[in-house]
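Here is what each chain is made of, one letter per residue.
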Amino acid sequence: MPLSNRHLLGLEGVPKEDIQLILDTTTTFREVLERPIKKVPTLQGKTVVNLFFENSTRTRISFELAEKRLSADAVNFSSSSSSVSKGETLKDTMRNIEAMKVDMVVVRHSAAGTPKFLTNICDSNIINAGDGIHEHPTQALLDIYSIREKLGKLEGLKVCIVGDVAHSRVALSNIFGLITMGAKVSVCGPSTMIPRNIEELGVDVIYNIDEAIQENNVLNVLRIQLERKAREYFPSIREYAKYFGITEERLEKNGKDIVIMHPGPINRGVELSAAVADGLHQIILQQVTNGVAVRMAVLYLLGTMN
Amino acid sequence: MKIVFNNVNVVNPESKINEKKSSVLIEDGIIIKIGKLSSSELKGAKEFDLTGKYIVPGFFDMHVHLREPGREDEETVKSGCNSAANGGFTGIACMPNTEPAIDTAEVVTLIKKQAEGNIVDVKVIGAATQGRNGEMISPMAELCEVGAVGFSDDGVAIKTAAILKRALEYSKMYDVPIIEHCEDESLSGGAMNEGFNSTLLGLPPIPSIAEDLIVMRGILMADYTKGKFHVAHISTKNSVEMVRKAKKEGINITAEVTPHHFTLTDDAVKTYDTNTKMNPPLREKKDVEEIIKGLKDGTIDCIASDHAPHADEEKEVEFEFAPNGIIGLETQIGLALTELFHKNILSLEEIIYKMSINPRKILRLPIPKFNKGEMANFTILDLDEIWTVDISKFKSKSKNSPFNKMILSGRAVGIINNKKMFFDYNFINI
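Top line first, the protein sequences correspond to chains R and W.
Sequential numbering of the first sequence, starting at 344, is according to our numbering.
Sequential numbering of the second sequence, starting at 82, is according to our numbering.
For reference, chain R alone in the conformation it holds in the complex:
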């Protein structure tokens, strides 16, 4: 049974069967990653372009490794600037790249909707590797896979997304995916970082981090952007860390078994204390490993559709 869409633009509206298929396929590739030779010939002869218009280290490496381990030919295109400042429009850039006969495009861009825009102007399979503050579906899929791996199920689990939800593509994709898979999702953060009408997505809003710890099985803790624009949403890093940072004391005080996740990179001492970042509750490095397997699954499922 193939996926229902030949692109992965986000998790909004993606049916449960598709997510299930990706997760199950991930398990297969997860096993490949444990072999001495971590490579399969599945996408031999396919060309994948990693089109990164925004700085990224781990997502780009994760995709590149996934592509190479599927024996696809991977090409990287990085440009930190927007098309506007570069002088060539994205449409022209994309058409030029496609003229070189590529099969799939992985795109990261600061502007929301760019992957969708690419589907209108080219024929390749498009995979969204993060568009603005919209979606980051493979991150959410690896988060969901990691929860399932750790706790054995998704249905009925309570997951809270903590931090700057309003400016996070990871949050939105997680909300869509987790709700589809039957989990109960809440968000927790300073009220200036919780988007308007988020309740309409079917999530609860919590402003107290202790309550979030008590109420949930999993905390997915977002990175706080420390650059100036994001900083306007809370008074100081100190205040954020004090009222929303996850510390060992907080976890102990609330005396509860909880899984701590983080999409990285971590601001140690801000959203997670160093002890929690390296502690027993967290599964941060498992997430990273699973990320490669999830991306292999997505590339494989899309790359063998047509």
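Check each hint, because a few of them may be wrong.
[Stated by the list, open to error] Distance condition first, Cα-Cα at most 25 Å in a straight line; then the derived PhoX-like pairs of lysine-lysine: (1) LYS377/W / LYS367/W; (2) LYS424/W / LYS367/W; (3) LYS359/R / LYS83/W; (4) LYS101/W / LYS453/W; (5) LYS351/W / LYS434/R; (6) LYS83/W / LYS453/W; (7) LYS83/W / LYS500/W; (8) LYS434/R / LYS478/W; (9) LYS434/R / LYS527/R; (10) LYS367/W / LYS326/W; (11) LYS434/R / LYS396/W; (12) LYS326/W / LYS478/W; (13) LYS480/W / LYS434/R; (14) LYS496/R / LYS585/R; (15) LYS117/W / LYS127/W; (16) LYS194/W / LYS159/W; (17) LYS101/W / LYS83/W; (18) LYS486/W / LYS434/R.
[Stated by the list, open to error] Cβ-Cβ distance ranges computed for the label pairs, FRET-style: (19) ASN485/W / ASN419/R: 32 to 42 Å; (20) PRO345/R / LYS474/W: 51 to 61 Å; (21) ILE464/R / ASP471/W: 20 to 30 Å; (22) ASN463/R / ARG445/W: 23 to 33 Å; (23) ILE464/R / LYS117/W: 39 to 49 Å; (24) ALA617/R / ASP393/W: 46 to 56 Å.
[Stated by the list, open to error] Heads up, incomplete: computed chain R residues facing chain W, CB under 7 Å, no partners named: (25) PRO358; (26) THR371; (27) GLU374; (28) GLY430; (29) LYS434; (30) ALA454; (31) THR457; (32) LYS459; (33) ILE476; (34) HIS477; (35) GLY525; (36) ASN540; (37) GLY545.
Think of the hints as simulated: they come from the structure by calculation, not from any bench.
Virtual Cβ for every residue (Gly too), placed ideally from N, Cα, C.
Could you slot chain W onto chain R? The hints should help.
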């Protein structure tokens, strides 16, 4: 040359004319007679059978962006006039956010010169402040002398309350309106309306209160200065309610709405089609409902397109990077008839007020009269023609419309003005 329109309904509420199946005789662009014509009167005339159609006072769009001077690749005075003629307008007012801005007599004169002899009357809105930068009011006296009919910093609101106060006080001497693009600068900069959809789409939001705050500022300032304040492209529920209340209190305030703000909601943005990106952004259902109510009860005086041409290569980009605005001259009448007339929200007379008479009143322009000896200034409407919007047939130089392929009921089939006629997509010698 003599021309006659036969079997046509003639409606002009300002001239108290409402005749069914009548005839109109025009000679050299001047109205000779409306009513039954004798065979001698018909002799030698070119006849048009307009069975079922309506002749109404020429429609006027008070909010049009021509891109001359500066971006003649997107629209010129001439191509904008062709677009207006094809859309059914005998007059337009052009906005001052050109390059350079319309803040000197020379630029006003240039535009006037380019429009000379055109079938479409082009009136000029001058910049409210020099260079539209909000620091110093523009030379309004001189601009009025060469023909400016209102002032605006459209694209942005007038920067500070102090400058707005001065602009209202100064423009009062010439009884012309200050036309405000109502958007608080500190809350602006987003790409769509703030709400559930902006959360869903991950697009940076513009909250509705960005508009409301500046509408409120304008109402208070109009009351205080007794100047004329006009709200451009009103788009929010709160703003409509505030204008309604202000009018009840006798404050000198008027408002316009665009067809896209009474037709579409921010649901349309879900496609990430950059032709759904405009400022003010498409709002929510509750806003559209209040706008409809405001059109019905007279809170909103007129309909204007905010015709904003942009080159394809500027619109075919990432949503956040695309410029704001859509063209509207050639879809406006169709949308008003489809969404307002055929849905029994406005009568034909009310449409005529909102698209012909009121905008001219706001700008203190003469209203086309249907009396013997007057120059014919008509829009000819077919209220029932079902047609499909086709941007490739537009006369505008730009094609940025979200309404392409939409099926509409009712169309302007022609205009007569300045002793010229445009009918059925073509100019006709009269």
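Each hint tested on the structure:
1. LYS377/W / LYS367/W: At roughly 15 Å apart (the allowed maximum being 25 Å), LYS367/W and LYS377/W satisfy the hint.
2. LYS424/W / LYS367/W: With a Cα-Cα distance of about 18 Å, the restraint between LYS424/W and LYS367/W holds, given a limit of 25 Å.
3. LYS359/R / LYS83/W: The given pair, whose Cα atoms are some 72 Å apart, is violated under the 25 Å limit.
4. LYS101/W / LYS453/W: OK: LYS101/W and LYS453/W at ~18 Å, within 25 Å.
5. LYS351/W / LYS434/R: Given that 25 Å is the threshold and the Cα spacing comes to 20 Å, the pair holds.
6. LYS83/W / LYS453/W: Answer holds: LYS83/W to LYS453/W is near 14 Å, not above 25 Å.
7. LYS83/W / LYS500/W: Cα-Cα ~11 Å, so holds.
8. LYS434/R / LYS478/W: Given that 25 Å is the threshold and the Cα spacing comes to 21 Å, the pair holds.
9. LYS434/R / LYS527/R: 40 Å, violated
10. LYS367/W / LYS326/W: 18 Å, holds
11. LYS434/R / LYS396/W: Cα-Cα ~11 Å, so holds.
12. LYS326/W / LYS478/W: Outside the cut-off at roughly 40 Å; violated.
13. LYS480/W / LYS434/R: Holds, at about 18 Å.
14. LYS496/R / LYS585/R: Violated, because 32 Å separates the two Cα atoms, which is more than 25 Å.
15. LYS117/W / LYS127/W: Measuring from Cα to Cα gives roughly 16 Å; hence the hint holds.
16. LYS194/W / LYS159/W: 11 Å, holds
17. LYS101/W / LYS83/W: 22 Å, holds
18. LYS486/W / LYS434/R: Holds: LYS486/W and LYS434/R sit about 23 Å apart, inside 25 Å.
19. ASN485/W / ASN419/R: 32 to 42 Å: 37 Å, holds
20. PRO345/R / LYS474/W: 51 to 61 Å: Since the Cβ atoms of PRO345/R and LYS474/W sit about 41 Å apart, the hinted range of 51 to 61 Å is violated.
21. ILE464/R / ASP471/W: 20 to 30 Å: 22 Å, holds
22. ASN463/R / ARG445/W: 23 to 33 Å: This hint is violated: roughly 46 Å between Cβ atoms.
23. ILE464/R / LYS117/W: 39 to 49 Å: Violated: the Cβ-Cβ distance is about 60 Å, outside 39 to 49 Å.
24. ALA617/R / ASP393/W: 46 to 56 Å: Between ALA617/R and ASP393/W, where Cβ atoms are some 53 Å apart, the hint holds.
25. PRO358: Interface hint status for PRO358/R: violated (18 Å vs cutoff 7 Å).
26. THR371: 31 Å, violated
27. GLU374: 34 Å, violated
28. GLY430: 12 Å, violated
29. LYS434: 5 Å, holds
30. ALA454: OK, holds: ALA454/R within 7 Å of chain W, min 4 Å.
31. THR457: 5 Å, holds
32. LYS459: 5 Å, holds
33. ILE476: Result: holds, 4 Å to nearest chain W Cβ.
34. HIS477: This hint holds: HIS477/R lies near chain W, its Cβ roughly 3 Å from the closest one there, short of 7 Å.
35. GLY525: 21 Å, violated
36. ASN540: Cβ of ASN540/R sits 4 Å from chain W, so the hint holds.
37. GLY545: Result: violated, 12 Å to nearest chain W Cβ.
Hint compliance for this structure: hints 3, 9, 12, 14, 20, 22, 23, 25, 26, 27, 28, 35, 37 are not met, and every other hint is.
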